[in-house]
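Novice: Residue strings, one per chain:
2 protein chains.
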Amino acid sequence: MKKGNTVIFENPPVITCHAAVGGKRESEGPLSDKFDMLLTDTKCSQPTWEKAESVFQRYCMEQLLQKSNTQLSEIDCVLSGDLQCQCTASSYAMRGFEVPHLGLYGACSTMAQGMAIGSMLLQSGMQKIIAMASSHFCAAERQFRTPLDYGGKRAPTAQWTVTGAGGVVIEREAAQGVKILSATLGQVIDYDVKDINNMGAAMAPAAAHTLLQFFKATGKRPLDYDKVFTGDLGFVGSALLKQLLSAEGINLCNHADCGLLVFDRESQNVEAGGSGAGCSACVLSCEILPSLKRGTMKNVLFMSTGALMSQTTSLQGESIPCIAHLTELASQEEKQ
Amino acid sequence: MKKGNTVIFENPPVITCHAAVGGKRESEGPLSDKFDMLLTDTKCSQPTWEKAESVFQRYCMEQLLQKSNTQLSEIDCVLSGDLQCQCTASSYAMRGFEVPHLGLYGACSTMAQGMAIGSMLLQSGMQKIIAMASSHFCAAERQFRTPLDYGGKRAPTAQWTVTGAGGVVIEREAAQGVKILSATLGQVIDYDVKDINNMGAAMAPAAAHTLLQFFKATGKRPLDYDKVFTGDLGFVGSALLKQLLSAEGINLCNHADCGLLVFDRESQNVEAGGSGAGCSACVLSCEILPSLKRGTMKNVLFMSTGALMSQTTSLQGESIPCIAHLTELASQEEKQ
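Residue numbers (my numbering), protein chains in the order written: chain A, 1 to 336; chain B, 1 to 336.
Heads up, a few of these hints could be off.
Listed next, the in silico SDA-like pairs over lysine to any residue satisfying Cα-Cα at most 20 Å (straight line) [unchecked claim]: (1) B/216 x A/74; (2) A/3 x B/157; (3) B/2 x A/123; (4) A/3 x A/255; (5) A/216 x A/243; (6) B/3 x A/296; (7) A/2 x B/173; (8) A/34 x A/216; (9) A/298 x A/219; (10) B/220 x B/247; (11) A/2 x B/2; (12) B/2 x A/34; (13) B/227 x B/315; (14) A/216 x B/73; (15) B/43 x B/173; (16) A/216 x A/174; (17) A/2 x B/248; (18) B/298 x B/222; (19) A/227 x A/123; (20) B/2 x B/14; (21) B/3 x A/127; (22) B/3 x A/2; (23) B/43 x A/47; (24) B/3 x A/142; (25) A/153 x A/171; (26) B/3 x A/227; (27) B/2 x A/219; (28) B/194 x A/220; (29) A/2 x B/70; (30) B/2 x A/127; (31) B/153 x B/235; (32) B/43 x B/216; (33) A/2 x B/98; (34) B/2 x A/72.
Treat the hints as calculated values from the structure; they're not laboratory data.
Since this is a predicted model, take the numbers as computed values, not measurements.
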């Protein structure tokens, strides 16, 4: 059933497995003991950071298959994406796996985008899919800003791209796991922010837009959920999101941002917090899904937020269009 | 119903409208009078080629809405992609449209990928979606090879990226149009080709793999169709595809390649033929769908083929992984 931009699943698909692989800085952060695998050599013995990111995805795939005791042949397709030009981290990672692949580009919104599309694919004959996203600090810095060797100074509004990959197995039906009750697809929103060192400000309006669309379509409010998670708005974007929603009469008092959960801003020198397609993917897997499975949370909104610029568009003086996709998650016992 | 990697639609969705916008070289080719719009100023009065490509997509969207007499609010979502880093042609084009957007990256396989995913989304509550893809010769050359100003010599195996955008409206149900009977999702295949001036050779194995998967799953053969279309294998890749299939005992005698239909190799100086995400998208709209609607063809296989490298991976000495997604199309009267 569809209400506005929200697809509500009559038979909600179930997240039955999750995995996250993190890098060095992630291993020093508050979620360090919750990752399935931590690689303090963020180059993974590869000659380049770009290749290393593919290794993160490969390890994440292997973790998912192993933890869920699944043969690759049981997976109907893998939906994945990343921040590299032409999504090469994902495509190159998939060379080792004989499984259909659907490449996505939603920048840091990729994790929720993949879960949303994947949930819908499960309504049309598929039984089991994987959604996955990754990012790599070193690859992203030279992709979007300047090579690390340049030693550029970081602005206080800048965010630190998570080096990691996170993914989930979603099944059409399952007795145990976390249900995806609905998915809200985002629109491209551009508030004319041009500062590539302030992604939070650029993305907040897209996050607000998708949340408002969801609340309007479903009649729900923030307090109907244990928590409302955003992907990587960071310190700056989180404050702006609350302001934007407040102006619409919505008090987002139970908000948490994955970018503020994955690192400790006080001690880790990450300026406004974490970011990257891997940010919401890893926090989903390390923190959100385990809490829903344990029952310490019953239901949440999980929204990933993406800034859709490239180095080319930035250098050409363009503003930064953004998008946010949302999924509504509930522990298996929770009735809608 | 799912057989192997092929999803067969019990209630096949229907392509009810199609549109294509081409550039200067397309206006001089064999399909010139079949485009909905031709822009001989391939910069579209924009300061850069990248921005111009977004204008091609915008015009294509406008043509689709106008031709199908559809309000934007009736569209459940737009699935689109292109070849630019971070898919900016698509994201920036969508700024002007208040409609949910799902960004795809499948390189030149994007058109079939979008149609495949879109068809499945229509099984889960959506009524009407748009799938679209674009490419731009000038943007692609500097993206993947060298800036045009460099004046690099073109190899005989090189292909000419189509400057254009093509798209379709797909509906859950409709009395008139072209049915999508099934969709086969491709796998990432890498035969270790490293020559970025020979995309056809790189992509042929992926095309062969997807076709073989489809024939194996369904028991069909090439001659069950009026024609088997590939996206942009060009002269070199088409010959290799036939060889690869012949080795598996399949005679692909009714094959046509969109890259060989969109340009005249004799007179247009395009070396091995056309390519780009816009290539199969435009030929689908200009040639394939009109023939199916007129009834001069009853059913076809339409497969887009994508080479998934980036300039970064090429410069890092990597090979070129490829993918091909397939859709099975039939005129409305045709029974499966």
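Novice: Now look at each hint and say whether the structure bears it out.
Specialist: Hint-by-hint comparison with the structure:
no.	hint	result
1	B/216 x A/74	holds, 18 Å
2	A/3 x B/157	violated, 50 Å
3	B/2 x A/123	holds, 12 Å
4	A/3 x A/255	violated, 24 Å
5	A/216 x A/243	holds, 18 Å
6	B/3 x A/296	violated, 40 Å
7	A/2 x B/173	holds, 16 Å
8	A/34 x A/216	violated, 35 Å
9	A/298 x A/219	holds, 19 Å
10	B/220 x B/247	holds, 17 Å
11	A/2 x B/2	violated, 24 Å
12	B/2 x A/34	violated, 36 Å
13	B/227 x B/315	violated, 38 Å
14	A/216 x B/73	holds, 16 Å
15	B/43 x B/173	violated, 38 Å
16	A/216 x A/174	violated, 30 Å
17	A/2 x B/248	violated, 45 Å
18	B/298 x B/222	holds, 14 Å
19	A/227 x A/123	violated, 27 Å
20	B/2 x B/14	holds, 19 Å
21	B/3 x A/127	holds, 12 Å
22	B/3 x A/2	violated, 28 Å
23	B/43 x A/47	violated, 39 Å
24	B/3 x A/142	violated, 43 Å
25	A/153 x A/171	violated, 45 Å
26	B/3 x A/227	violated, 40 Å
27	B/2 x A/219	violated, 36 Å
28	B/194 x A/220	violated, 53 Å
29	A/2 x B/70	holds, 19 Å
30	B/2 x A/127	holds, 9 Å
31	B/153 x B/235	holds, 19 Å
32	B/43 x B/216	violated, 45 Å
33	A/2 x B/98	holds, 17 Å
34	B/2 x A/72	holds, 16 Å
In summary, the numbered hints that this structure violates are 2, 4, 6, 8, 11, 12, 13, 15, 16, 17, 19, 22, 23, 24, 25, 26, 27, 28, 32.
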